[in-house]
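Peer 1: The primary structure of each chain is shown beneath.
There are 2 protein chains.
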Amino acid sequence: MTVQKTSADLYQDYVEKMQKIADVRNAMSVLGWDQETYLPPAGATFRGRQLTTLSTIAHELFADESLGGLLRELGNRTDLSAIQQKNVALSLEDYEKNRKYPAAFVAEMSSATNAAYHAWIKARKENNFAVFEPLLAKMVDLKKREADILGYTGHPYDALLNEYERGADVQMLDTIFRDVKNSLLPLLQQIALRDVPDRKFLARHYPKDQQWEFGLGILRSMGYDFNAGRQDVSEHPFTTSFNPRDVRVTTRIDEQDLGNMTWSCIHEGGHALYEQGLPAEEYGLPCGEAASLGIHESQSRLWENNVGRSLIFWQHHYGNLQGIFRSNLLAVPLQNFYKAINLVQPSLIRTEADELTYHFHVMIRYEIEKGLLDGSLQTKDLRDIWNQYYLDYLQVKVPDDLRGVLQDIHWSHGSFGYFPTYSLGSFYAAQLYNTAVKQVPGLENAIASGNYNTLLEWLRNNIHRYGRFYTSNELCEKVTGEKLSFKHFLAYAEKKYGGIYELNEQ
Amino acid sequence: MTVQKTSADLYQDYVEKMQKIADVRNAMSVLGWDQETYLPPAGATFRGRQLTTLSTIAHELFADESLGGLLRELGNRTDLSAIQQKNVALSLEDYEKNRKYPAAFVAEMSSATNAAYHAWIKARKENNFAVFEPLLAKMVDLKKREADILGYTGHPYDALLNEYERGADVQMLDTIFRDVKNSLLPLLQQIALRDVPDRKFLARHYPKDQQWEFGLGILRSMGYDFNAGRQDVSEHPFTTSFNPRDVRVTTRIDEQDLGNMTWSCIHEGGHALYEQGLPAEEYGLPCGEAASLGIHESQSRLWENNVGRSLIFWQHHYGNLQGIFRSNLLAVPLQNFYKAINLVQPSLIRTEADELTYHFHVMIRYEIEKGLLDGSLQTKDLRDIWNQYYLDYLQVKVPDDLRGVLQDIHWSHGSFGYFPTYSLGSFYAAQLYNTAVKQVPGLENAIASGNYNTLLEWLRNNIHRYGRFYTSNELCEKVTGEKLSFKHFLAYAEKKYGGIYELNEQ
Chain A
1 MTVQKTSADL
11 YQDYVEKMQK
21 IADVRNAMSV
31 LGWDQETYLP
41 PAGATFRGRQ
51 LTTLSTIAHE
61 LFADESLGGL
71 LRELGNRTDL
81 SAIQQKNVAL
91 SLEDYEKNRK
101 YPAAFVAEMS
111 SATNAAYHAW
121 IKARKENNFA
131 VFEPLLAKMV
141 DLKKREADIL
151 GYTGHPYDAL
161 LNEYERGADV
171 QMLDTIFRDV
181 KNSLLPLLQQ
191 IALRDVPDRK
201 FLARHYPKDQ
211 QWEFGLGILR
221 SMGYDFNAGR
231 QDVSEHPFTT
241 SFNPRDVRVT
251 TRIDEQDLGN
261 MTWSCIHEGG
271 HALYEQGLPA
281 EEYGLPCGEA
291 ASLGIHESQS
301 RLWENNVGRS
311 LIFWQHHYGN
321 LQGIFRSNLL
331 AVPLQNFYKA
341 INLVQPSLIR
351 TEADELTYHF
361 HVMIRYEIEK
371 GLLDGSLQTK
381 DLRDIWNQYY
391 LDYLQVKVPD
401 DLRGVLQDIH
411 WSHGSFGYFP
421 TYSLGSFYAA
431 QLYNTAVKQV
441 PGLENAIASG
451 NYNTLLEWLR
461 NNIHRYGRFY
471 TSNELCEKVT
481 GEKLSFKHFL
491 AYAEKKYGGI
501 YELNEQ
Chain B
507 MTVQKTSADL
517 YQDYVEKMQK
527 IADVRNAMSV
537 LGWDQETYLP
547 PAGATFRGRQ
557 LTTLSTIAHE
567 LFADESLGGL
577 LRELGNRTDL
587 SAIQQKNVAL
597 SLEDYEKNRK
607 YPAAFVAEMS
617 SATNAAYHAW
627 IKARKENNFA
637 VFEPLLAKMV
647 DLKKREADIL
657 GYTGHPYDAL
667 LNEYERGADV
677 QMLDTIFRDV
687 KNSLLPLLQQ
697 IALRDVPDRK
707 FLARHYPKDQ
717 QWEFGLGILR
727 SMGYDFNAGR
737 QDVSEHPFTT
747 SFNPRDVRVT
757 TRIDEQDLGN
767 MTWSCIHEGG
777 HALYEQGLPA
787 EEYGLPCGEA
797 ASLGIHESQS
807 RLWENNVGRS
817 LIFWQHHYGN
827 LQGIFRSNLL
837 AVPLQNFYKA
847 INLVQPSLIR
857 TEADELTYHF
867 HVMIRYEIEK
877 GLLDGSLQTK
887 DLRDIWNQYY
897 LDYLQVKVPD
907 DLRGVLQDIH
917 WSHGSFGYFP
927 TYSLGSFYAA
937 QLYNTAVKQV
947 PGLENAIASG
957 NYNTLLEWLR
967 NNIHRYGRFY
977 TSNELCEKVT
987 GEKLSFKHFL
997 AYAEKKYGGI
1007 YELNEQ
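These protein sequence lines are chains A and B, in that order. For the first sequence, position 134 (counting from the first letter as 1) is numbered 134 according to my numbering, and the numbering increases by one without interruption. For any residue, its number in my numbering is found by taking its place in the second sequence, counting from 1, and adding 506.
Next comes chain A alone, as it looks inside the complex (with noise of 0.2 Å):
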């Protein structure tokens, strides 16, 4: 006689199996940042394979056809309580995903990535797109094959959207670029016509020491917790994850550059609040995993621009900047540091961008991945219309291709829908912003007085203990109660950079 299992004992089944996976997943997450962190060189070998090792561990525990049993006999379960329910549906959602990828795709993608990887790498070395381009051309052929094995109704480049942002599609940024073209473009001429503010004083000499202990004491003001937490060193800062109670930041250190380590501090913190903030209850769970690339994002970008940025973060935080830098501050008032690191003007590179011109970098960026996915553009013809797109968008002239078509690893990542998610993470930002600014009374006064609990409490309950509980669409909706608009960005961008340029005093 069989006895069936109560859904209680079911669920304690699956939550076993998902967080056996979790914690592989994690392992391989310790190892990954010890190797941006502390490896030594020549371990770097042996440390691939490990990490390869646990990947296919973690694969397969996921693949099991037991989960997948367990998962639809759970799926018809009705006694199970809605988050349960959501983490059963969406594991179900993830499960099938993965089964979709025969073994044969997935071994040619693995190799095909490591071969683009090293591509890239050379082509960087040697300044030329060319030797990378054939290795791209199969990259996009592997990525039009994943859209058509993951399946889509609009356009193929929804497919590969959806593993980073479930929901967003083409239609929808479409929209929103249009919306950046349309309306940001006018706003980047106008600033262009004013004097640019002078930021020389920022690449004077700023020891590292002291640095160090500045971005310590911000993470600290803003809420991160040091004893579930740890910053250290890396070449490029990030963010990574073991468990909420163990969620660690990385940052560097440029002695002519004071931006570098302030900003990815407030940035990474950012990121950093969110996976500290997701239910540790949920270990392993789609509930305990953060809502999309693009939510993510906008934790960052909310900490580093609409409040790392703003001209009241820095009241309560530059006289203490100026006593830590006597030499190089303490003749600079205020309104020139806030100018200063405000600075809008169209350059080559993504990742040193200000705010505004960055979304034509990420624009570009989408526009091309679409053309590439849809056939409408070709990977030998990519120089060209990179350097193009530039000067059409941001009147630059792009001189070689490391600072063009090479300078972003995630073509060779096979990471092709990532970009659109950095911009919508602004978007997320303004708007999450403006509703808290509204629902919470003394917020930017207590932004001015460097206290930011409310602010984290905010953020807290209404993003991040939901996990993966709604998709960034429906979460956006819930919080502010609309659909992403672009609207807010815009008006936060013309507010700001209005009063940062006298645009309206013209």
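Since the hints were made in silico from the structure, they are not lab data. Any given hint could be a false lead.
In silico DSS-like pairs for lysine-lysine, Cα to Cα no more than 30 Å straight-line [what the hints assert, rightly or not]: (1) 1002/B x 17/A; (2) 380/A x 138/A; (3) 339/A x 496/A; (4) 606/B x 100/A; (5) 17/A x 523/B.
With beta-carbon atoms standing in for the labels, derived distance ranges [as the list claims (entries may be wrong)]: (6) 991/B x 12/A: 47 to 53 Å; (7) 644/B x 4/A: 36 to 42 Å; (8) 604/B x 60/A: 17 to 23 Å.
Coverage of chain B stretches by chain A, computed from C-beta distances (three or more under 8 Å per stretch; other residues unrestricted) [stated by the list, open to error]: (9) 518-531; (10) 535-542; (11) 547-554; (12) 747-753; (13) 759-768.
It should be emphasised that the depicted structure is a prediction, and the values quoted were computed from it without experimental measurement. For glycine and all other residues, C-beta sits at the position ideal for the given N, C-alpha and C.
Assemble chain B onto chain A, guided by the hints.
Peer 2: Only chain B this time, still in chain A's reference frame:
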């Protein structure tokens, strides 16, 4: 028709399975290293479960029937190289030993260890052995059962010893420790009649950063490869290896005690040189692993004591050390420094003991473990037995349990049979060093001039490169021409301490 696989193909299958297991185990080591160096406090709980999951996975992979079948099949093949045959034979031995443990026993041991460890922590807090005793009794019971599971012909302790030191047994250790007693006690009695050298200057203020730099310099001079390793700080110094290209050491720094950092650097450096010298091409296989704990310890102690506490070592380094810590050491002659770092004085704590009295600490533990295992001693009497032994052998009165029977973590971990390997390490070290000096012309001249290349090369060629190919006994006989004999350590001790304490001049 089934085509029989070639031995080369079968061996390749075996290598892949073993390397996969090694990858998981080494990932655990990375997580363990992180736990002791950089883990934020709140991350400990999740880290614990991540380690348990990886441990379970590694165990399952190693217990897999298909691996057993493969090993047995390979065991019948005669067309394998000597190293391949040895790998297969040792893996099969490990595999069968691993399969002997019933799952219920493993679970019981795991929960008993956990309980014992926490009771030990609590007992130390309360400075009361009685808190730990019942859990230790349970542990002893389990270790007796483990000895039965593993099987033995002589003393049940042999089965446990064999886990750490293949081929060692009670008969061998009884002989060794009888020699220790008979010949070291008289030496200690002679030393006790002499004046105690001054060592107060070692407890002056030694700033952290300068100690750190000095330690790194010593490691570099020993030949430790920082391209394939690194040093960090942890509460208890240790060496860990993720593969021969990534072998890490840790140290601790006490600003009031120069010795703490110095000896941990050299000791762990010796362990690390062994791991860096293991054959990388045997990754994951027995011949890529250390021969035994005793041989491992022989490497650390050879560097720490035979080299690092020698007069010729400091003839080279002392000037530099004086230069760094001028106000502390400039007025201290080399001879006084040399005497101070070789002070012999009975004491309460094993880890702080000098290189002579140390072996009585080990002998006491050995006698106790043996008695517990064969039932001639009971845990309830352990405090009294311990204190009596310390009075008898070391003439020290144990003031409390913290400085007595509760000082070591080993029993709470279930590590019975581990302690003797510390002494074996010292005795192997003396015998090996003796042989090296005989075989390599000018070895001590090289050491006196700060050149350790020749010594390291000799260790690489005679010890490191063999991995587990030979047991410690076999290796010792092969390299030194005879079995392990205490006489080499005794000759070393008599010569060194006879000089320091001017024993022949009375």
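Peer 1: Checking C-beta pairs, does the segment 518-531 of chain B have three or more residues closer than 8 Å to chain A?
Peer 2: holds (count 4)
Peer 1: Can the suggested window of 47 to 53 Å be confirmed for the beta-carbon pair residue 991/B and residue 12/A?
Peer 2: Taking Cβ atoms as reference, residue 991/B and residue 12/A lie about 59 Å apart, which means the hint is violated.
Peer 1: Taking the Cβ atom of residue 644/B and the Cβ atom of residue 4/A, is their distance within the range 36 to 42 Å?
Peer 2: 39 Å, holds
Peer 1: For the pair we were handed, residue 606/B and residue 100/A, check the Cα-Cα distance against 30 Å.
Peer 2: 41 Å, violated
Peer 1: Do three or more residues from the segment 747-753 of chain B put their C-beta atoms closer than 8 Å to C-beta atoms of chain A?
Peer 2: holds (count 4)
Peer 1: Mind checking the alpha carbons of residue 1002/B and residue 17/A for me, to see if they're no more than 30 Å apart?
Peer 2: It is violated: about 60 Å lies between the C-alpha atoms, which goes past 30 Å.
Peer 1: Is residue 17/A within 30 Å of residue 523/B, Cα to Cα?
Peer 2: 23 Å, holds
Peer 1: What's the verdict on residue 339/A and residue 496/A, does the C-alpha distance respect the 30 Å limit or exceed it?
Peer 2: This hinted pair holds, its Cα atoms lying about 10 Å apart.
Peer 1: Cβ-Cβ distance between residue 604/B and residue 60/A: within 17 to 23 Å?
Peer 2: 22 Å, holds
Peer 1: Checking C-beta pairs, does the segment 535-542 of chain B have three or more residues closer than 8 Å to chain A?
Peer 2: This one holds; 3 residues, not fewer than the three required, reach chain A with a Cβ under 8 Å.
Peer 1: Verify the coverage statement for the segment 547-554 of chain B against chain A, using a C-beta to C-beta distance below 8 Å and requiring 3 or more qualifying residues.
Peer 2: holds (count 6)
Peer 1: Next pair to validate is residue 380/A with residue 138/A; report whether the Cα-Cα distance is within 30 Å.
Peer 2: Answer holds: residue 380/A to residue 138/A is near 12 Å, not above 30 Å.
Against the hints set out earlier in the document, violations occur for numbers 1, 4, 6 and 13.
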